[in-house]
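These protein sequence lines map, in sequence, to chains U and G. Here the working numbering is used: position 79 in the first sequence is 202, and no number is missing along the way. Here the working numbering is used: position 87 in the second sequence is 210, and no number is missing along the way.
Derived from the structure by calculation, the hints contain no laboratory data. Any given hint could be a false lead.
It does not matter which identical chain is meant; a pair holds if it fits inside one copy or across any two.
[What the hints assert, rightly or not] Straight line, CA to CA, 20 angstroms or less: simulated SDA-like cross-link-like pairs of lysine to any residue:
1) K274 - A182
2) K329 - S140
3) K254 - E265
4) K172 - D273
5) K254 - L264
6) K274 - S170
7) K329 - W284
8) K311 - P262
9) K254 - Y244
10) K172 - R271
11) K172 - R149
12) K310 - W284
13) K274 - V178
14) K310 - R321
15) K175 - N218
16) K145 - S170
17) K175 - G277
18) K145 - K329
19) K172 - A270
20) K274 - L180
21) K172 - F339
22) K274 - S177
23) K145 - N340
There are 2 protein chains.
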Amino acid sequence: MQKLNPDIPTITAFENSPDRGKGLARDMPVRWAFEEVGQPYKVRLVSFKEMKESVHLTAHPFGQIPTYEEGDLVLFESGAIVLYIAQHHSGLLPNGTEARARAITWMFAALSTIEPPILDYEITGYMEREKAWYTERMPILEDRICARLDKLSGRLANADWLEDQFSVGDLMMITVLRRLGRSDMLKKYPNLSAYVARGEERPAFKRAFAAQLAIFNGERPVD
Amino acid sequence: MQKLNPDIPTITAFENSPDRGKGLARDMPVRWAFEEVGQPYKVRLVSFKEMKESVHLTAHPFGQIPTYEEGDLVLFESGAIVLYIAQHHSGLLPNGTEARARAITWMFAALSTIEPPILDYEITGYMEREKAWYTERMPILEDRICARLDKLSGRLANADWLEDQFSVGDLMMITVLRRLGRSDMLKKYPNLSAYVARGEERPAFKRAFAAQLAIFNGERPVD
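Given the sequences, and given the hints that come with them, work out the whole structure.
Listed below in structure tokens is the structure:
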């Protein structure tokens, strides 16, 4: 393996992503952010076994992906990495202190308000499927998600993006909404479905999606 | 009511906090951040009814507290507000681009990695207590929390704070861990218990805690 160019950041991603190339793993928003700002990046794949070993745990205390390495700087948490990319390049944050703060607010809304009930629904889906309570609990969890989507849909209304222009807030919100996949929940909100589709149509999204799909299809990243 | 001074930001908080003055509502980290940086602030109390009405929903699309208002700027999401305060005052972010990015990473770790399983445990505690599955599910949720606390405890080790100095990352992490209250989960990790206590001993924390407790005790904020 060649020595990595210290000017090009390296991220980690799943060697075998459990989403089978759907672009739902947490390297996806980081790839998307890199593509939006035109920053080349390298990818180091890690296996599930390696993720729990000390080398990786030094970079990511919770044994997950992605990490971000650039010289001596090591970051984890996709939200933190995406924000760092947005702050150090142009293209993902508007000009003006107040507009930037609004964009960042939507990032936190995506991760703290919209994502938790969606994650709960996902985890229940794969961890509690055999439990007696599964069929009774799932509609409760759907209701919790839809209570949030109601409000988000009302706020977005007929706008293209959550504020005046596409920002890191939309990038993260669309990333989170994509976890709902083609579920009936998202279909109930045509403006949110269109919003997600609008994000997926961006050339930067398409390049990021293709890059992660290539790994699932057995094409290794080149160092 | 006097016209608010546009130089002093105004936040919203619960008129009747459901935590009964324990400082677990989401205005608490914002108050703590203000106190750490020495920024005076005003508080406008909102009732549960007002939170769901259009005036408040214009500021907070999800009908929650807190909001942050300063001149024309309106923010919501406690994470976004705390980060904004940290970025615009000294005292909560270290000097140096890399150290700042590390501190912000811990904020996201608090909100995206540590808090979701804790919230799930809380919500189950008050929403599913009467369900047949309650006693079987709660230990599952405790295990999910402890899996994260294990890693956090290992990373903190014997250090005072998550990085070299107290930062917005510690402020948010301690805020999230406080949701576990005096639970046995936190007691299993003496270093995390001591870390939370270390945060609670900070004068800024104490002032913030006293301010929210005063409201629960019937003392109204003065505009």
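Against the structure, the hints:
1. Taking the shortest alpha-carbon separations for K274 and A182, only the inter-copy value of 12 angstroms comes in at or below 20 angstroms, while the best intra-copy value is 37 angstroms.
2. In this homomeric assembly, K329 and S140 come within 20 angstroms of each other (Cα to Cα) only inside a single copy, at 18 angstroms, whereas the closest approach across copies is 45 angstroms.
3. Taking identical chains as interchangeable, the C-alpha atoms of K254 and E265 lie at most 20 angstroms apart whether they share a chain (17 angstroms) or sit on different chains (17 angstroms).
4. For the homomeric pair K172 and D273, the shortest alpha-carbon distance between copies (18 angstroms) is at most 20 angstroms, but the shortest distance inside one copy (40 angstroms) is not.
5. Taking the closest pair of Cα atoms, K254 and L264 come within 20 angstroms of each other both inside a single copy (15 angstroms) and across two copies (14 angstroms).
6. Taking the closest pair of Cα atoms, K274 and S170 come within 20 angstroms of each other only across two copies (19 angstroms); inside a single copy the shortest separation is 39 angstroms, beyond that limit.
7. For a Cα distance limit of 20 angstroms, the shortest separation of K329 from W284 inside one copy, 18 angstroms, qualifies, whereas the shortest one across copies, 40 angstroms, does not.
8. Taking the shortest alpha-carbon separations for K311 and P262, only the intra-copy value of 15 angstroms comes in at or below 20 angstroms, while the best inter-copy value is 34 angstroms.
9. In this assembly of identical chains, the alpha carbons of K254 and Y244 lie at most 20 angstroms apart whether taken from the same copy (14 angstroms) or from different copies (18 angstroms).
10. Proximity of K172 to R271 under the C-alpha cut-off of 20 angstroms is restricted to the inter-copy arrangement: shortest distance 18 angstroms between copies versus 36 angstroms within a copy.
11. Taking the closest pair of Cα atoms, K172 and R149 come within 20 angstroms of each other only inside a single copy of the chain (18 angstroms); across copies the shortest separation is 37 angstroms, beyond that limit.
12. In this assembly of identical chains, the alpha carbons of K310 and W284 lie at most 20 angstroms apart only when taken from the same copy (18 angstroms versus 45 angstroms across copies).
13. For the homomeric pair K274 and V178, the shortest alpha-carbon distance between copies (14 angstroms) is at most 20 angstroms, but the shortest distance inside one copy (42 angstroms) is not.
14. Only within a single protomer do K310 and R321 lie at most 20 angstroms apart by alpha-carbon distance; the minimum there is 15 angstroms, versus 47 angstroms between protomers.
15. In this assembly of identical chains, K175 and N218 lie within 20 angstroms of each other by CA distance neither inside one copy nor across copies; the values are 40 angstroms within and 32 angstroms between.
16. When the C-alpha separation of K145 and S170 is checked against a cutoff of 20 angstroms, the pair qualifies only within one copy, where the shortest distance is 18 angstroms, while the shortest distance between copies is 43 angstroms.
17. When the C-alpha separation of K175 and G277 is checked against a cutoff of 20 angstroms, the pair qualifies only between copies, where the shortest distance is 13 angstroms, while the shortest distance within a copy is 42 angstroms.
18. Proximity of K145 to K329 under the C-alpha cut-off of 20 angstroms is restricted to the intra-copy arrangement: shortest distance 12 angstroms within a copy versus 47 angstroms between copies.
19. With identical chains, the CA atoms of K172 and A270 are at most 20 angstroms apart between copies only, with a shortest distance of 17 angstroms across copies and 38 angstroms within one.
20. In this assembly of identical chains, the alpha carbons of K274 and L180 lie at most 20 angstroms apart only when taken from different copies (9 angstroms versus 38 angstroms within one copy).
21. For the homomeric pair K172 and F339, the shortest alpha-carbon distance inside one copy (18 angstroms) is at most 20 angstroms, but the shortest distance between copies (49 angstroms) is not.
22. For the homomeric pair K274 and S177, the shortest alpha-carbon distance between copies (12 angstroms) is at most 20 angstroms, but the shortest distance inside one copy (42 angstroms) is not.
23. Proximity of K145 and N340 under a CA criterion of 20 angstroms is satisfied intra-copy only: 11 angstroms inside one chain copy versus 52 angstroms between copies.
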